[in-house]
Each structure stands twice: as structure tokens, then as C-alpha cells.
Amino acid sequence: MPDTVQPIRFGSNSGQPVSRRDGIAKVTGAATFSADNSPANLLHAVYLPATIARGRVTHFDTAAAQAHPGVTHVITPANRPDVQGDPEAKPTLFSFRVEILQDDSVRYAGQPIALVLGETLEAATEGARLLAPQYAAEPVATDLDDGAPFDIEPGGFGRPQGMVHGDIDAGHAAARQAIDVTYETPAQYHNAMETHAIVAEWDGDRLTLDVPSQALNMSCAAYAYFFGIPAENVTVRSPYLGGGFGSKAIPIGPNILAILAARMTGRPVKLMLTRQQMFGPTGHRPATRQRLRMGIDATGALTALDHESLSASSRFDDFFEPASNASQGLYAAGALRSVHKGVRLDIGTPGPMRAPGEASGAAALECAMDEMAHAAGMDPLEFRLRNYAETEPGTGKPFSSKALRDCYLQGAERFGWDGRPLDPGQMRDEAGLLVGWGMGTALFPCPMFAAEARATLRPDGTALVETSAADMGQGAWTSLAQIAADSLGLPLDKVAFNAGHSSLPDGGVAGGSGHTATAGTALHEAGCDVIRQLGEIAATDPASPLHGAGNARFVARDGHLFIEGDDSRSEPFTDILARAGGAALTGSGKGVRPPEVGQEFAMSSHGAVFAEVRIDPELCQMRVTRLVGAFAAGRIINPKLAESQLMGGMIWGTSFALHEKVTHDRTTGRIVNADLAGYHVPVNADVLGLEVITVHEDDLHVNVLGVKGVGEIGIVGTVGAIGNAIWHATGKRIRRFPIRIEDLLTA
Amino acid sequence: MSKIHVTTTVNGDEVEFLADPRETLLDCLRDKLGMTGSKEGCGTGDCGACSVTLDGTLVCSCLVLGVEADGKQVGTIEGVAEGGVLHPLQKKFIEHAALQCGFCTPGILVAAKALLEQNPNPTETEVRYWLAGNLCRCTGYDKIVRAVMDAAADLRGEAA
Amino acid sequence: MIPFAFLQPTSVDDALAAWTPGAAWLGGGTNLVDLMKTGGGQPSLLIDLSRLPGLRDIEMSDDGGARVGALVSNADLADHPAFAARFPMVAEALLAGASGQIRNAATVAGNILQYPRDAFFKHLGEDPLDGDTTSLSILGANGPVAVHPSDFCVPLAALDAVVEVQGPNGPRDIALADLLAPTADTRTALAPGELVLALRLPAEGATFAGHARYLKVRDRTSFAFALTSAAAALRFDGPRIAEARLALGAVAPTPWRVAEAEALMAGQAPDADLFERAAQTALSGAVAIGDTGWKIELARRTAIRALTLAAAHTPARLPALPGSPFAAQAKDHAHA
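Chains as they are written, first to last, in this note's numbering: chain Y, 2 to 748; chain A, 159 to 318; chain D, 26 to 361.
With the rest of the complex left out, here is chain Y (with noise of 0.2 Å):
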């Protein structure tokens, strides 16, 4: 940061509740995605998805879909035009094999195996079902028992690192009370309400595309190789994303096939997944089990935390759901051991999905936690503060910030925790519902990406600001341009934004709850570049206010500079500009974290989540009817949008914890409720009592802005919250999500 400038303050831009501006680009039907854009001369795009998950194609009946009306091209395996790049390699930080009808084979169903372009949606349609596939066919693995459990070697992204801390067995050994416990989670799909699109067109080597994404130039970088560019002959437009959840920040095998069948026809191609199609090669949050093994000292303290995670991937790909990292950095035991085991299954090579490894961890760690508490005899909250860790368990690392014993007692008190029966059963209401109640701590780690940004200060005052941001409708357009208004010591409307172009800076990864974070810093800094400039001209000026304040630090107001400390000096940025020569202005700036940072602070946001539950006592129906959530996730820069973030992911919560899940059929391994009406989200009627605290938080060392992020911390109390809340209606502790009415009637 350049010295002459003052950090960011609080409370100009930042800090404001300011309503999102593109609210009404969406409230009209004007914000275009991906798929409404239809340029002329539009080919459409189908692909056939498997419908067996382990064997071959042997049979297509390319003759009846060729001959269909309005069917231009059938590919398959057998006529694919050549790609440069190879589907098995991984060109990205971020990436996965993809099927791109390299061969025969299937390995999952859903998976494409021939694509059909057609002059209508309609005909290309028919003619993908009319290529009517014969299979040979090959006995499918698709649940965590019928895999062989070994150990994942850890290797970044998709492999995660276990953890120990402290000698286990001893900790084991000196329980005074202990329990072992097992929880499963299910397989999870994203299902954004905009399914995946892409619009691909060529004109010679350069190629556009719209198409939603999380993370726009590493997407260039990863379409290009699979064509043979360079990145930079790559444009892709994601001005909004219809949601993203992590689905949208890798390409997918097919908008490969969507580019590759725009190159082969010298048309623009438009393909846009089926809800159905949203089952199969995007993704998604595998199932999990672990089993948590706890043990406690005679004050309730814990002397060992194991938690042991088995999760499922691809035969052919590695992303292994990292859930037991939710205990390696939450409670203070006297050992710690976070183990990660694998089982590779005919499915699509999972990924992440809103808090990835937390929320299935936390769901698993926290109903264990509240099974510990009850085994003690303690108060579920009153348990979690005695064993609260003050730093960071087993590294002693201090925590950057950590706020988490305030958003305990503030969401307590909000919720009336006090005088919470300690037994299960206790609780009716009016009506004669069971009412239970419960509660889960929230943690997600605060990473940063790399970003980067420009700002150009105009001389009649306004700004410029630019980065590749993502808004999945997280608020990046609203909030980043809040930060850069800042920096630049302008009012938000004096700032024009613009994010959504592969063509601008990097503006990094939208994932992992670190955009704003990383893009903010960028943006920070560009404006504070900017700013510095301006100071330098300001200072050597003779007929600036200004002149001579070489190593005084400027503070940048309202359109004006002023010297720190000294309102009495200070000139607008137009006449600075002015003065110079009228030229605008043009700063850039970064978005990282220096390594050195993480080596000394241990860095997560926290929060508490309690709930309220009522249920049937004879039928069973549940309902979540409070829900009152504190988080300390740094510095907010939009209070109303980042509650709505917050509260986005505790519905998903309660989507998780109820609602979600995949069912395979045994025998072809398919998803037999790949569909809305099979695979339930939460609807409106299911929401009711939803409370946001934001509790405040300072952190000085997480990142100049001393922003952390809210995009998945949400759902990763809730969960645990919930299960507990269920139990102590009823008595019956369900380990494995989603608890259904079916559970509660035969427990």
C-alpha cells in the first residue's frame, strides 16, 4: 500500500447499506444472461447425455437423427473433429477432465456421449433422442459402501491434507466420557436457477463467449488450450451469473463441445443444459461419511477430537470433499486428528459446492459436538465456550480476528437460548407441536486468490474502476464498486464499474468466499495508485493548495485531496487534473496476501447458529420456524447485501439439512430424481423466523480492507444446528442427512 495514503475508511462508501445497482436491470428482465443472447445465423446445440454409468456406446442410430428435420450435424465419437488440448489434462489451478466425446466409454451417467446441432432447440432435441443409444454395459458402483476405502494422498485442489496434533491415543485415553458417532451426508447437485449455457462464436482465431462464469480469465485460459490460442484470442462475457454455488468457476465438458462445434460449422452455437442435463457433468458435492470419535476430561473439556471423513470421486478424477477440516481449526483439544479417506464410484467427478468440506463437516462435527455436550450434561453453547480456542488448535497460532464468543452471546440472546431445556422432549407449543431447540458454530477459512484492477480518475471528477469481477448475485457489482469508491475518495455515483469482461484486469475466482476480498484489495490499491499520483502532481505543483506537502500523507475526500490531519489544505481532484494538463489519470493495483501472513495468523470467519424446530409428534412433518444466525466475518462492506448472502446460505442450510438429495438407481446408476420435482429445495413456505447479526469485527491482517467474506459461512452452522434442534424435539438423534419424516417415524 502506498504509504502516502490513509486505509480505507469506514462508514464513506463502505460500511453503507447502498441497494444493488443492478437491481433494476433485474427487476425489468433487462440483465442478460448467458442463454439470452441469440446472435443470427444461431445453430443450437443438444447433447445426449448417457444413461448407463459404466461401459460403452456400441450402437447410434446417426442415420434417423441426421435425417430428422432441421438437424445439421450429428457428432460423435466416431466423426468428432480434433481438439489441440487433451480432455485428460488439467490446464487450470482449477480444472477437471472433461468428456468431450473423446471415446466410447462412459463413466458416469449423464455423461455426453454425442452431440446434435440443429437449425431449432426443437429439432436438435429430437434429433439427440433419436440417436436412440445401445450400450454394452458394466456393473456400477454408486454408494460409499460398494468402493474400497484408502487414503488420500493430499495434492491440492481436490485432495485434501489431513491433520494431527497432540498424541490421539492419549487423548483417547484420558476421556473420562467419550463417544463415537457416525454421520453420512448425501450427494448434493448445485442447481443454480440458470443452468449452464454458452453462446460460442468464432471469427477466425479468435473466439467469444458468453457464458456464466465464476472466474472469467482462467476460463479463457482453459478454453484456449483446449484450441490451441492463446489465452488473450479468448473473450468470454459473464456480465451476470443466474447463480453459482463453485459449478461455474471450471469449464464444463460441454460448452467445450459448444466452441468445438462453432469452430466446425462457422456458426455461432448456442447450448444450454436441461435441468436434467444439471445432474451430470457439472459437479457436485459428494456424499460423505465420518465418524468423529470425542472424548472429555471431567470438566468438560476436550482431550481428543478425531474426525475420520470417506468421501466419494470419480474414477477418474480426484475432488474429494475435505469435510473433516471443520475440526482442525475450531475447538481447543488436547489432540486433534482430521483424516481424509476416499472411495472412487461411477459418478461425475464431484467438486465444489457452497462451502465445500465445511458444510458437510460442520453437519457431522456439530451434531457430534451437541451428542458430547448432552453426554456431559452440559449446555450445548455453555460446552462449546469451555472448550473455545483462543488460538489456532494445535499450531498456537493467533487468529487474525476472531469474534466468535461475541456471535455466540449475541445470537443467544437474540434467539432466548436461556432456559433451553437440557433434555430432549421437553418443548410444545399451542398447537401441540414438538419444539426443539438447537444450536451449531460456523467457521469457513477467509483465502484470497489473485486479482487485479484498474482505475482511471477523469479530470471532471469521475472514475473508472475495472477488474473481471463474477456476480453470481453475491453483489460484486454494487459492492466493489462501493470499495473502489473508497479508495478513490469519490460518492458511489461519482464511480462507474465495470466487472463481467474477460477483456478487463483479472479480476480473479469468484469462489471461496475470497472475491470480494481479493478483487476489493485490487481495487483498493488502484484506487490508492490513482490517489498517490494525484498527490505527487498536488505536491510538486506551485499552484496547489497542496504544493510542498511532499512526505505529509494525503487523505483523499469527497472529490478532494486534503493533507492528513489538516482540513484547511486541501483541492479538488478536477482542479489538480486540471492544472496537469487535463489528462485522466490511470492507477492498478493487486489483490493478494502476502504469504507471510498466513504463516503467522491462523484466519476464519466465525458465527453461531441456533434453531428452532417444530414437528408433528404423530406424522412426523418437520418445519424450521426460527432460524438466528451471528457471524463475525470482518469488515462488511454491504450490511444489506451481505445479510442476504448470510441468509442464503443458512436456507441452504436448511435445504442441507432436510431437503437435499441424490438417489442413484442401483442397477444403471442413474440419478432417478434428477428434476425440481424430485431432487426438493427448500420453497418459500419453508422459510419462516430468519435472523441475520452481523457482530462486528476488526481484523487488521486478513487483508487491507480487513474483509473475510460471507458467501458460504451460512450454511455451515445451520446444518449441525438443525440436526440438533430435531433431536431435542424428539428424543432421536438422526445421523444421516437429510432427515426425513421416514427417519423420525422408524427411529
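It is worth saying that the hints were derived from the structure and are not from the lab. Hints are all accurate, no fakes.
Cross-link-like lysine-lysine pairs, in silico, DSSO-like; alpha carbons within 27 Å at most:
# : chain 1 : residue 1 : chain 2 : residue 2
1 : Y       : K662      : D       : K62
2 : Y       : K91       : Y       : K342
3 : A       : K190      : D       : K62
4 : Y       : K495      : A       : K249
5 : A       : K230      : D       : K62
Computed from the model, here is a short list of chain Y residues facing chain A with C-beta under 10 Å:
# : residue
6 : A193
7 : G243
8 : G650
Here a beta-carbon is modelled for each residue, glycine too, at the ideal position from N, C-alpha and C.
Based on these hints, arrange chains A and D on the given structure of chain Y.
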């Protein structure tokens, strides 16, 4: 199959198009009329992103064939704001942050408008029940309800 | 979808004349178009019924019954004040189904004739036991067969509804229970080319109006198929039940009624023991398919609760969460 000539009224304007009977009203709106505000979230009536009104009745346009719209009045998100002025629902959605990614938003606004025309003074439970056909994955249900309740009060001429 | 021809006849005679093998009647489209898109049905001709005159009327007859045109939407029927007053559990069942959008488009005839959920996956050759076993029948079927998915038909069956059809061989009336009794080869008793014109509710059904409820247990608070449901209607003679009707939903390929279960309640005072025996009798013969043994128990409890609710009285206004176990929890009421 030969195409069928369809004459219909969309947001008060008469339009004509030729439709393959297989094309849904949603496809016709988006691809033939360039009205892409209505979204396809599922194609099977399970999400409500394609909600429009047909002769004043809220329906999923993904399950209506374009040829069925002949002679009917279609209302879409593009017609919710009139004369460049946002409808109170639209204003309240922005004010309450009742939208995130915005993909479900057009369908929810069309559905909410239909609800308030039928029931100007709904209870919270009624809103949650009547909007159960519109999925929001982000998920903004709580703020959506607040915005609808507030807009309803506004439309009734009450201070919220 | 395969390409298909599309006709919009303007008279019932023209519609009937247009029918050929492979044709399908198009009502609201919420089931048929869905099925066509997902590959489960491929008609070569769609006959759009929306131009047919006289099929959208709701006639409340002087004797206390009702005649409902085949094309009346589910929403319009539920919202018809006189109909809902006579047949409150029918209105409650309609409003417990699907979503506002679907209820607006779906027709009376389409709801009755809707395909079971396994129509969507059977053509793919899946083993139903591996799939959504919650939708499998526990009564009245040999082997794993999907249940009838309709809420509406459950109270209709309880009230002895009759369907008026017209076809190549002229008009006829079919009891709803007979219409929906599937055979090995057919899903319904409709003959090829037959068209449903109207639904009739006998006047006797209205005598239960004071004590009639529909209850639906489901995984979401709204917009989900029933795991189990029940329509219960009681007519009292002083403190005793003069006559009882009980139909169970989501347990069989057709709404499930057992005459003995109803008969044993006649002449009795309503109490928990009586409803327990009625529910047991209604479910005698239930067989768990796969791991769905819990469904028998849930259906039993659902029947008992529905009877208990009906015994209390029909609420003056339908609850804001129709058919829901949480109906009483939501204090605000709706659907006047």
C-alpha cells in the same frame, strides 16, 4: 410439420409469429419475440422462473405451447413497469434486497403481481404459500416476502 | 418431442371426430407437456380442448350436488365459494396440490387423468425399487407400482364422484373409482378416443360439509407430492357418526377406500379408539415394498388425524396452509 401462425397480445401489444407446435410459449417469447426476461429454470413446471400471465392467469410458460397462446393476452416481466416507471413491487424488491442473482426474479415479480391483484392484503403465510411455486436458490425467500408485504401495503396506500 | 400435428376444434363433435390412434387431448398441459418433454409420451397429434364450449362451467345443482366442466382449472374450482362450501375437502385437496401456477393451468380432467410419477422413468428401464420408493404403492398392486399422484382425486373418491365421458360409442358415466382402477394394460378405464366432459359430485357428498378435511403429509411445507394423505368426511346424527367416508392418498395406484373401514364408524361416537380401528381396517392388506414399511404406519396416522380433524369440524375458512399438518400453526387464514 408445418408451422402455425399465431396472433397474440403481449403486454398490450399485438404480435404475430410462426410457431412449430413443439415450441413452448417460453421459447416463443424468448426466441421469436426477443423477450428474454422470462427464464427457463427447469422446463417442467417445477421452478416458476418462466411465470407469465395468460389471460390474466399466472402460469408456467414452459408448459404452455406457443400455439396455445393464439388469441390470448400474455403478460410478462417486460410489462410490469409501465411507461418507464417501476412497479411498487420492483421498487420494493430493490429496496429490500429481495434479489440476488436475479434469475428467478422476473418470475417471482410476475407471480407476486398476480397474487396482489387477486389478494391485495395477503398475510405472510399466504405470501409464502402462494409463492411456493417460485424457487430461489440464492436464496432470498425472507426478503422476497418482506418486499411483497411492503409493496402490498404501498399499493393499498398504507405506510408500511 | 417428435413433431406432432396440432388442432384446435371448436366443438366436442369435431374434437371426437379428430381423434386418431396416437392422438392426445391437451387440457392445461401441466402433465402432458411435461411428459412429452421428458420423453415419456410422444403423441403424433395434439387436440387442444381450450376452444370447446361449455366445459368451463361450474353448476351447483338444486339438489345439493355439483357438475364441473372438464376444463375448469383446479384453482377456479377451489376458489368457487359455493363449491368450496359444499365440498370443502375437495377445495382443500386442490389447494394442497402443486403450486399456484400449476393449479391455474391444470384442469379438472387433467388432474384426474394425470400420469403417475413412474411414467417419467419407467421408459428408461429403471428398477423402481432403486428410485423414489416413497412414491411406491403399498396397497392394491402386485409389485412396485407408483401411487396415483393426485390430491384432488382422494376426496373425489370418498364422495363417489362420477365422470361424464363421450366417445366414439356415445356418452357414458363412469364412477371415478372405476375410471382410475388400472389394469395390467391400461392406466384408466377410458376407451381410446373417449373424452372427459364433466365431473359430477352427488348431492349426498354435501351432507358431509360440516365435517370434512383433507390432510397431506409431505417433505416440503408446500409444492411436494404427498407421502401419504387422507380425505375424511363425517356426517353426524347428534353425538354419533351417521356415516363416514375415508379415502387414502399416495398409498395405491388409485385413491384407496375400504367399505368396512367406513361402515365400522357408522352409529359410533367419534373417539381415538374408533378412528384407530377404522385406520387399521383401511390399511389391512398393506404390504411394504422395499424399505417403505414406514409408509404403512404413516398412512395409519394420517388417516387417524384426518378423521380427528373432520370430527372437530370443517373450519369456517380454509387454512392458509391447506391440508398441512401446520395449518393450525399458521394463525392467519385465507381462501375465504
